Amino acid sequence: MAKWGMVIDLEKCTGCQACTTACQMENNRLPGESWQDVLFYTEGKYPNAQMKWIPRPCMQCENPSCVTVCPTKATYKTEDGVVLVDWNKCIGCKYCMIACPYGVRFYTDEKPLIEPNVKDVFKGDGDLTWNPPYKGPQQDNTKGIGIQPSGVVSKCNFCYHKISKAPKGTVNLSNDDPALREFVPACVRTCAPTARYFGDLDNPNSEVNRIIAAKKGTRLLEHTGNKPQVYYVTGAGAAGGTVIPGGRSSKDKA
Amino acid sequence: MTTQTQALGLVNTIMMASGAALLVSLAFAFTNLISSGHASFNTDSAGVTWGLLIVTYVFLSMASTGLAMVAAMAAMFGARQYAPLIKRCTWLSIVTLVAAFATLALEMGHPFRMLWAVPLNFQPASAMVWMGIFYSICLVLLAFKFTKMHGGNWSGEGLTKAGFVVEVLALGTLGSAFGLMAMRPAWFGAEVPLLFLACGAVIGVAFAVLINQLTYGMDDKAMPEKVRSVMTGSLPKLFAATLGIYLVSLLFRTVNGLWTNAEGFEVVGAMVTSPWFMIEVIALVGAFVIMINPAMRAVGTMQVVAAVATIVAMFIGRYEFVIGGQLVPLFKGAWVQGLISYTPSATEWMITLMAFSLVFAGWALGEKMLNLAAAPDDK
Amino acid sequence: MNILKLEVSRRRFLQATGTVGAVGAVGLAGTKLAGFSTLSEAQAAAPGASAETVITKNVCAQCPARCGIDVYTTNGKVHAIYGSYDHPISNGKLCPKGHLGTYLLYDPDRFKGPMKRTNPKKGRNEDPKFVPISWDEAFKTVADRLNVLRDKGESHRFAFLFGRGWGPTDVGLYGPFGAMYGTPNAPIGHSSMCADASKLAREAQEGFYDYHSYDYKNTNYLLNFGASYLEAFRPYNYLMQMWGHMRTKSPQTRVTTVEVRLSTTAAASDRALFVKPGTDAALALAIAHVMLTEGLWNKNFVGDFADGANHFKVGMTVAAAAAEAAKAAKAAAAAAPAVAATAAAAAPVKGKGAKTVVLPTPPGAFNEKWTLGLVEWWDTVVKSATPKWAADITGVAAKDIVTVAREFGTTRPAMVIQERGPGSHSNGTYNCMAVNALNALVGANFAEGGVMHHSGAPYGKLPVDYNEFKDDYAKSDDRKKPRIDLVKGPDLPLAKNGMQDIAKNHLAGKPYKLDTMLFNMTNPIFTAPDCKVWEEALKDIFIIGTSPYPDETNMYADLVLPEHTYLERLQVCADQPIHGYPQAHLRTPAIKPLYDTRDFADIIIEIGKRMKGPMAEYYKALGNHENLVRALAKGFEAKPGSNGVNSFESWKQKGVWFKTPYAFRQIRGEFFEWDGKAYAKPMTEADVKYKLFKTISGKFEFNSNLLRGNVMGKKKAPDGSYMKTADGKDVMELQKKDTDAFINKKLGVTLEQTGFPQYIPAKYTGGGDLHFITPKTAMNAEGRSANIPHAIALQQPSVGGRTTVYLEINPQTAKAKGIRNNDKVRIKSALGTIEAYARLTEGARPDTLVLPFAHGHWAQGRWAKGRGPGHSGEITANQSDPLSGLASYYTGMVSIEKA
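Chains as they are written, first to last, in the numbering used here: chain A, 1 to 254; chain B, 1001 to 1379; chain C, 2001 to 2899.
One chain only, chain A, in its complex shape (with noise of 0.2 Å):
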């Protein structure tokens, strides 16, 4: 069984969002429900003033702090690495919201950022929060696939509904082996740099080790322990540089 594994090249992201917006379309995501987020950070001062960004999907921690918080088992982990969950069993406490020391998750029932609210534009059938014209035809409420039924917290899944298809003892999911596009997460699948990596951790022949190894790849917030399985890696770009300048200088800046 693989360890899906993912691999963001900082020295190539462009900061354009089609990781997003692919990743909202693939994935049914509400407005500003990005999964996949890219978050830009202004440092410095004028004309020395620094802009830096980063893609951050789920980190689909191999000591996922979400899913030992939750009360029901409703996040789980699967036997391949990937961080789900069950529709059916979450209760809504958003504990594995607190839990995230990564931002990635998203309570369905809020306030809509954009009015007028598409859940009401185009209203889901029974419990599930919206209907939008372009559904895609997977749902499967256990992973955390497809439209989101109300009352629950969403994710990053690695769009599963996709990599679970992929053929066994698939090592480098890429769009490279056209037999394997279909099964290639919309995010890594899009990126125009080709900023994205996706394949097995576990095997210490797979691109991804490559270039873990090669780039010196480091990972979010070590501290917390939770082993994200999204590396990041860098160069000398202006794109680079994976320290995350946190609250403290938010807050000067303000």
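There may be inaccurate statements among the hints.
Selected chain A positions facing chain B (Cβ under 8 Å, derived; list incomplete) [claimed, not checked]:
id: 1; residue: Val69
id: 2; residue: Pro71
id: 3; residue: Ile98
id: 4; residue: Tyr102
id: 5; residue: Arg105
id: 6; residue: Lys111
id: 7; residue: Lys123
id: 8; residue: Gly124
id: 9; residue: Gly126
id: 10; residue: Val171
The list that follows gives simulated cross-link-like pairs (lysine-lysine, DSSO-like), each with its CA atoms no further than 30 Å apart [what the hints assert, rightly or not]:
id: 11; chain 1: C; residue 1: Lys2736; chain 2: C; residue 2: Lys2510
id: 12; chain 1: A; residue 1: Lys119; chain 2: C; residue 2: Lys2736
id: 13; chain 1: B; residue 1: Lys1148; chain 2: A; residue 2: Lys119
id: 14; chain 1: C; residue 1: Lys2776; chain 2: A; residue 2: Lys111
I should point out that these hints are in silico values taken from the structure, not numbers from a laboratory. Every value quoted in this text rests on a predicted model; they were computed, and no experiment measured them. Even glycine gets a Cβ: it sits at the ideal position worked out from N, Cα and C.
Based on these hints, arrange chains B and C on the given structure of chain A.
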């Protein structure tokens, strides 16, 4: 029958007022919840996830444990002088816990699913699960104990002791639910359960003081001898002691937050400049000054002033703790500028009002129907 | 095995893969993809009839790039869009806008069919009170109106405005309609509100009026003047692919970006130079100055001094410098005669063969190779354009200019890219020329890792020629009326379009008043500078809108003839300059039209059929849009694409025809053509002039003949007829136009200098104390996403604009004006006031305010309307570059105050 000289007028007034408030707040909250669900809250995935309702839940849970502590003073520590307060405090502990659960239920996406999903998918690593278990046991033990007392059976100190232990575990686990969160430094720490217990003690004692004073119209002459004895003797001293302990913790937590450069504590800096913090400090120090002054602490009205001030201040303090721990944005980039801003919505306030109304209405109802003044030596 | 839980019969599966096999791999091979079928199946499967997911090829419509897209449809519902693999632009990738395209199909605010206005009053707050009508009534209403106008001899009062044109099946129809109908105003494109300055600059210098194609893959240095490479520059998706490549290849491509703010592009570059708006030319000239004085120009391409010495000396003409050098040499020779004599004899021999030795070269002689007028340009303009001089004008430190010039001059291959940043100013053409001149200095033209001129696709001919359907009316001299935008007249002799002036001209009745206007893919009532003038002007014109969305134009429309959205179209998309080699793209409908809309070509054809006179016959002969596409596809039969496309069917299947590689290459100063295996066929100077540098000189002109008024014209005999050669061709001769006098009058450039790239101070408008810059965001580059809630929520990630776009202001400036983060502010110019919320950011120049362009709709649908902030166009003066006619969008000055 005891010759009760309770201030039934005041109890009636409080019952009417809190009943009315309960109806209004319920109507308002449910109208909004039915029409727009949790969208009527100002909580937000990109902002504060646990809002005012969790503040209220935490506060009332602390009150419940605190009241249970007061009720267990006799059994646990042999402080017999607290015996006249046992039944009332036990009842109040039940009422506050029910109000807390009601608030929590309204905050959850699927409260009924919880009833089967938690036991069927038992997750031993989740503090929330243990908290739920301990508080459920508390409720059962309290109800059992109260039923016994109501039936005139005052025996069973073991039951009270067990209840006390479970209460401590419950509130400690609630503290731990926050204290385990290493990713939210303003919450993190093994001492947080202890802090919660200290809070519980302060709030519980404040409630015990307030309610007993209200029961007797703030008139110690109206109190039975033994009640008067504890209300002018041990209880205010206990109040002073718990306040003192809490003030010390507040002082050092504030200094700690202001001093440290660690990420996540900048919220303390923002907090101390808020007028709410001023109110909190003034109220607590005021209450403490009243309670350490032997002349003042014996006066009923002063006790009520100190108790109300403490309850308000402790509520502000819980707000600061629960909300403050979430105000440093985690991976929100430029979407969130500076600290997260959060103001509870009208619906959230109404649910909090509902919870407090429930406490006071529940108490008043109990006062009228359940002979809360009963005490072991009344036999 | 079955990704979508679908059972596909073996027969059907074999059919699908068989089709793939027949035309070459589409990337759908293998049993894992059994749930997917190819296009031929897509057409066979009626929507809703089968649970299969089908993929159709289309072309994204959210910017001009022409990204090929795979449209996923299941049960008649389009649910995903991804970039097409094996497509030369998208390569399986997309930009952030691309994925949101399904919203444009399912936009709940779309028109469901043709509409007629019943409220005669027009205005922002006037409900048009549309009532549905039949298409027949709609076509008849338009045709009757146009016929009446023509009967009155006023057909010029009909104007046909278009914006994002796609190709021969839409843009290709405008011109014939205008020609047969008899109006000079069909069509008027939007290019003057786009980027015409750089195009005119290339025409002036390279004889090529278009955008460059760029070989990003092989360049090692990218000097970017104000192109939003990582936001809105075209083709965004491909540019990002190239960014990933450039930033990780060996050696890494070094990028310097000249910008007026800390854009994503500037932030990601190795170096950002923050330039004062409108002063790009000064910076470019100073870079040229350093490169010339330090001998860093490409000598293979440009040429060199005959004596091998560098006579570009700061502040001196070449002649003066050479004379001084000669004097010094003489003095040295006097000191050491033997050595000097040897040197003098040897110098001219170098690399030139024995022939040149015979001719004594004057001191400072420069043997120019593929350029024209370098020394004159130096003497007139560049010699005094020192870094210090430019630093004072641009605000960029002199030492940074020197560093960039050295890097740029010593890294090969290197190239310059630019667009609206330098162009959208009153001095836009000269800015763009100065920047473009740097390409010639490094020899980037047609070189590997350089810039190219793109080539067109070999479309088939239409079955009929519209010229044969012109009647006497259309041909009469009376029809030679000035255009409503007055281009090609005395005020705009060099401009190609002037759309932004139409409202103004109509209101003034100069040259006349319009009667009827048809709009397609353009919305100047919202996007034009000083757009409120349009709201007045369009009140008394009969407006025909063709957008399927309730945009501002349609709010003024008397008739709405909604065209299909792009996922419902069969439409040809001609290529844009990208790779240089020719491409032809095709949209294929993913589903049957959702509503009662029409293909745009059919709208024109159907109106045409109802016109009086022979033009109706032309349109009857065309028949419908599919005939057009089929006729165009015929051209590929003789010239199959590199991907095997050679017919209408195979074109639909692949979505694109293209022919690699690019045909030309300049290698170390020599030009070659592709001979099928390599760039090995040498080109003569005449070849280069005919095929590449179509200037009078056949070279890259530092001293532009065009701007000096020199043109090649047909030679007239004394009797006034055109002279013909023996084989019947026109005799061409060098003629003089008064372009130089025009430039002198408009810009104050002396008559001798009009041909040179130079710095002229920009004319700032609006009267405030701060520059007002209105860039395009990545999520809204062409404004197509205004009504997409998901796009709105991601609009301005750099400063967190997710419910509105923010005004970006430097904290220092904000402090001085008493403005704090998130404050509501008023931005004022001489034209008026708009409101916005402020975001303090160190990415803004202290003298510049930044508010993204094309936000603040007052129509366009429920999410766009009234969202705010105020629209920048309302306070941007309608000033144009007098040469290119390009609207000066970035030239505004405003003041700001707390609201």
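For a quick check of understanding: which of the numbered hints are violated here, in increasing order? The structure breaks hints 7, 8, 9, 10, 12, 13; every other hint is satisfied.
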